[in-house]
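K.L.:
Produce the entire structure from the sequences given, and follow the hints as far as they go.
For the record, the sequence lines run as chains E and G. If you're matching positions, the first sequence starts at 1 in the working numbering and goes up one per residue. If you're matching positions, the second sequence starts at 178 in the working numbering and goes up one per residue.
Just so you know, the hints here were simulated from the structure itself, not pulled from any lab data. Please read all numbers here as calculations on a predicted model, not as lab measurements. Backbone N, C-alpha and C define an ideal beta-carbon position, used for all residues, glycine too. Any given hint could be a false lead.
What follows is a list of derived Cβ distance ranges for each label pair [to be verified]:
(1) E:G81 x G:P404: 20 to 26 Å
(2) E:K175 x G:L433: 43 to 49 Å
(3) G:L433 x E:D114: 16 to 22 Å
Taking lysine to any residue and the SDA-like style, the derived pairs with C-alpha atoms no more than 25 Å apart in a straight line are [what the hints assert, rightly or not]:
(4) G:K426 x E:S107
(5) G:K426 x E:D156
(6) G:K358 x E:K98
(7) G:K434 x E:W76
(8) G:K302 x E:G75
(9) E:K126 x G:K261
(10) G:K405 x G:M233
(11) E:K126 x G:M242
(12) E:K126 x G:V452
(13) G:K514 x G:L477
(14) G:K261 x G:M242
(15) G:K514 x G:K358
(16) G:K405 x G:D483
(17) G:K434 x E:G119
(18) E:K126 x G:N476
(19) G:K434 x E:S163
(20) G:K434 x E:F74
(21) G:K261 x G:M233
(22) E:K126 x G:R288
(23) G:K434 x E:R116
(24) G:K514 x G:L470
(25) G:K434 x E:A6
(26) G:K434 x E:S122
(27) G:K302 x G:L340
(28) E:K126 x G:T451
(29) E:K126 x E:R23
(30) E:K98 x E:S163
(31) G:K302 x E:R72
(32) E:K126 x G:G423
Here's the letter readout for the chains.
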Amino acid sequence: MRQALAMLLPLTLVLVACQREERDTRPQSALGSGEQPTPVTALEPGGQRPSASDNKAASFEANAFHLSEGKRLFGWFNCSGCHANGGGGMGPALMDEKWLYGSSIESIHATIRDGRPNGMPSFRQKIPDDQIWELAAFVRALSGNAPSSAAPQRNDDMMVHPSENRLPDAATLGKSP
Amino acid sequence: MRRLAFMALAPFCVLLLQGCAGWQSALDPKGPAADELAWLIWFFTALCAVVWVLVMIALAAPLVMRSRPGDEPLLLDAGAERRKMRVVVTAVGLTAIILIGLTLLSFFANRTLAAIGSEAVLTIKVTGHQWWWELRYEDATPSRILTTANEIHIPAGEPVRLLLTSTDVIHSFWIPSLAGKLDLIPGHMNVLDIKADKPGVYRGQCAEFCGAQHANMGTFIIAEPRPKFDAWLNDQLQPAGAPASGEAKAGADLFLKRPCVMCHRIGGTPAGGTVAPDLTHIASRKTLAAGTLTMSRGNLAAWIADPQGIKPGSHMPVADLNGDELNAIVAYLEGLK
Ligand SMILES: [Cu+2]
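P.N.:
Spelled out as structure tokens, the structure:
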């Protein structure tokens with residue numbers, strides 16, 4: 001009896017290996033398409049505005065598959081043309097701790113979807129909503145705002161900067177705690 | 178009982194044999210390279226079979242014909258020892274000769290393969306993508322360079338040079354009826370020369386595991402007589418035709434307003450994406466999505482409505498289109514002959 005139990009333990013351990021990473025490749029229509037209004041400023045008369053939180057954001061933010069898809073799309077949709085792999089060019093740097101429109105995944109999603117006045121084009125209708133979320137999650141990874149266990153670990157071509165899972169958190173970089 | 182088991186097995190054997198013929202089989206060669214390889218396979222198999230049978234007989238013989246121990250087991254018969262020695266030396270010598278012979282044979286087969294492309298009339302760059310093939314027909318005149326996908330038309334009876342590379346992971350290009358397989362490696366160019374003796378359609382398949390949809394990464398070589406091939410090439414070089422109906426016109430507008438334009442190119446329109454198959458003459462192809470679906474209006478609509486249901490993990494996302502938009506886009510693409 002005890003022997004059987006002892007055998008069962010390694011067996012269950014083996015079964016653990018059968019769990020496979022889930023990849024959501026179809027839009028979850030139940031979650032809608034991220035239409036939350038995103039504040040451009042945090043200032044609000046009469047106290048603090050509740051922070052926006054889209055229920056879709058959570059399923060993209062720390063998901064390795066979505067982050068790596070975002071990385072691929074960042075190149076495919078030529079974000080690099082203006083943001084140069086996150087280092088900044090005609091558009092602002094996305095690897096630093098400075099955010100013009102907020103660092104939350106919701107604000108970044110709104111930036112990509114609706115554009116911003118000083119030259120960031122609107123990709124509404126041009127990029128399906130889920131792919132915008134993937135891009136937004138990846139943009140956060142560029143400044144070290146994604147768990148290193150989920151952020152992309154390699155490039156398909158030459159590495160222009162350390163892979164995203166090794167990028168330091170831009171907000172605390174160079175500052176003593 | 179035995180009869181029953183045999184009858185149950187027979188259909189499977191027939192099914193297995195089916196694999197030996199048809200449009201994708203190394204045992205049914207349709208070009209000089211595949212001929213050479215098939216001949217080599219058969220010769221190696223036959224020779225090795227003979228050697229195997231001889232070895233088995235040699236092993237079985239002592240079991241069947243046991244020599245009786247003599248009166249004096251320690252006494253050696255010098256004559257018999259010498260005979261045994263001679264047999265062993267002969268066997269070793271024969272093995273060496275056979276091995277060297279087979280090496281020479283494969284060496285000469287390789288020379289034949291290498292010679293096929295020495296006067297190639299056409300160079301096609303084949304770039305592997307997850308999970309489709311990008312094709313570029315090279316030409317000295319830039320306006321005659323053709324970019325297309327998945328379906329490789331070649332002139333029959335003429336040698337063609339394929340330059341193989343990849344942009345993401347390693348793939349492998351294998352048209353069993355025409356040639357052996359060769360890898361597509363990121364950052365490296367491999368050269369494969371092929372020739373189809375007769376007009377026909379030959380199926381190929383990615384032969385190096387490359388991710389979720391590796392199994393659905395097929396390709397076709399369509400060998401045609403010279404005049405037909407030239408006509409095809411000239412057609413493909415034309416920009417896309419103007420939409421014929423009002424619905425197709427709406428579809429063309431939608432194609433440019435919706436995600437499609439971010440990835441796909443349609444010659445003669447502002448759509449210039451290079452990360453997905455060129456759709457300039459999509460309706461002239463026989464299949465969709467690297468051999469996954471046959472070309473038809475229904476399949477076109479199915480693919481655009483739900484690429485992730487048909488090829489889960491494919492790099493084409495589900496675009497949020499309503500029924501009318503979908504129909505309009507399909508009407509437009511269907512007219513791109
Ligand atoms: Cu493959």
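K.L.:
None of the hints should be skipped; say for each whether it holds.
P.N.:
Structure-based check of each hint:
1. Between G81 of chain E and P404 of chain G the beta carbon distance is about 44 Å. The supplied range of 20 to 26 Å is therefore violated.
2. A hinted range of 43 to 49 Å for the beta carbons of K175 of chain E and L433 of chain G is consistent with their spacing of about 47 Å.
3. Separation of L433 of chain G from D114 of chain E is about 20 Å and conforms to the stated range, judged on CB atoms against 16 to 22 Å.
4. Annotation: proposed proximity of K426 of chain G to S107 of chain E is violated, straight-line Cα distance about 36 Å (limit 25 Å).
5. Proposed proximity of K426 of chain G and D156 of chain E is contradicted: the alpha carbons are some 38 Å apart, above 25 Å.
6. Proximity of K358 of chain G to K98 of chain E is assessed by CA-CA distance (about 51 Å); at most 25 Å being required, the pair is judged violated.
7. Proposed proximity of K434 of chain G and W76 of chain E is supported: the alpha carbons are some 17 Å apart, at most 25 Å.
8. The suggested pairing of K302 of chain G with G75 of chain E holds, with an alpha-carbon distance near 23 Å, which does not exceed 25 Å.
9. A distance of roughly 82 Å separates the Cα atoms of K126 of chain E and K261 of chain G; the hinted pair therefore is violated under the 25 Å criterion.
10. Between K405 of chain G and M233 of chain G the alpha-carbon distance is near 56 Å, which puts this suggested pair outside the 25 Å criterion.
11. This hinted pair does not check out: K126 of chain E and M242 of chain G have alpha carbons roughly 83 Å apart, beyond 25 Å.
12. Only pairs whose Cα atoms come within 25 Å are accepted, and K126 of chain E paired with V452 of chain G is accepted, the gap being roughly 15 Å.
13. For the suggested pair K514 of chain G and L477 of chain G, the alpha carbons sit about 14 Å apart, so the restraint of at most 25 Å is met.
14. A hinted pair counts as satisfied when its Cα atoms are at most 25 Å apart, and K261 of chain G with M242 of chain G qualifies at roughly 15 Å.
15. Distance restraint check for K514 of chain G and K358 of chain G: the Cα-Cα separation of roughly 31 Å exceeds the 25 Å cut-off, and the hinted pair is therefore not satisfied.
16. Of the supplied pair hints, the one linking K405 of chain G and D483 of chain G is violated, its CA atoms being roughly 35 Å apart against a limit of 25 Å.
17. Our distance criterion of 25 Å between C-alpha atoms is met by K434 of chain G and G119 of chain E, whose separation comes to about 19 Å.
18. Taking the CA atoms of K126 of chain E and N476 of chain G, the gap is about 23 Å. The hint holds against a cut of 25 Å.
19. Restraint check for K434 of chain G and S163 of chain E: the C-alpha separation of about 34 Å exceeds 25 Å, so the hint is violated.
20. In summary, the hint linking K434 of chain G to F74 of chain E is supported, as the alpha carbons are separated by about 19 Å, within the 25 Å threshold.
21. Between the alpha carbons of K261 of chain G and M233 of chain G the distance comes to roughly 17 Å, so the proposed pair stays at or under 25 Å and holds.
22. A threshold of 25 Å between alpha carbons decides the hint, and for K126 of chain E with R288 of chain G the separation of about 52 Å lies outside it, so the pair is violated.
23. Note on K434 of chain G and R116 of chain E: the hinted pairing holds, with a Cα-Cα distance of about 19 Å set against a maximum of 25 Å.
24. A threshold of 25 Å between alpha carbons decides the hint, and for K514 of chain G with L470 of chain G the separation of about 17 Å falls inside it, so the pair holds.
25. Annotation: proposed proximity of K434 of chain G to A6 of chain E is violated, straight-line Cα distance about 62 Å (limit 25 Å).
26. Note on K434 of chain G and S122 of chain E: the hinted pairing holds, with a Cα-Cα distance of about 12 Å set against a maximum of 25 Å.
27. Distance hint between K302 of chain G and L340 of chain G is fulfilled; the C-alpha atoms sit about 5 Å from each other, no more than 25 Å.
28. In summary, the hint linking K126 of chain E to T451 of chain G is supported, as the alpha carbons are separated by about 16 Å, within the 25 Å threshold.
29. Among the hinted pairs, K126 of chain E with R23 of chain E is consistent with the structure: their alpha-carbon atoms are about 23 Å apart, no more than 25 Å.
30. Restraint check for K98 of chain E and S163 of chain E: the C-alpha separation of about 20 Å stays at or below 25 Å, so the hint holds.
31. Taking the CA atoms of K302 of chain G and R72 of chain E, the gap is about 23 Å. The hint holds against a cut of 25 Å.
32. Between K126 of chain E and G423 of chain G, the direct Cα distance comes to roughly 23 Å. Compliance with the 25 Å bound is thereby established for this hinted pair.
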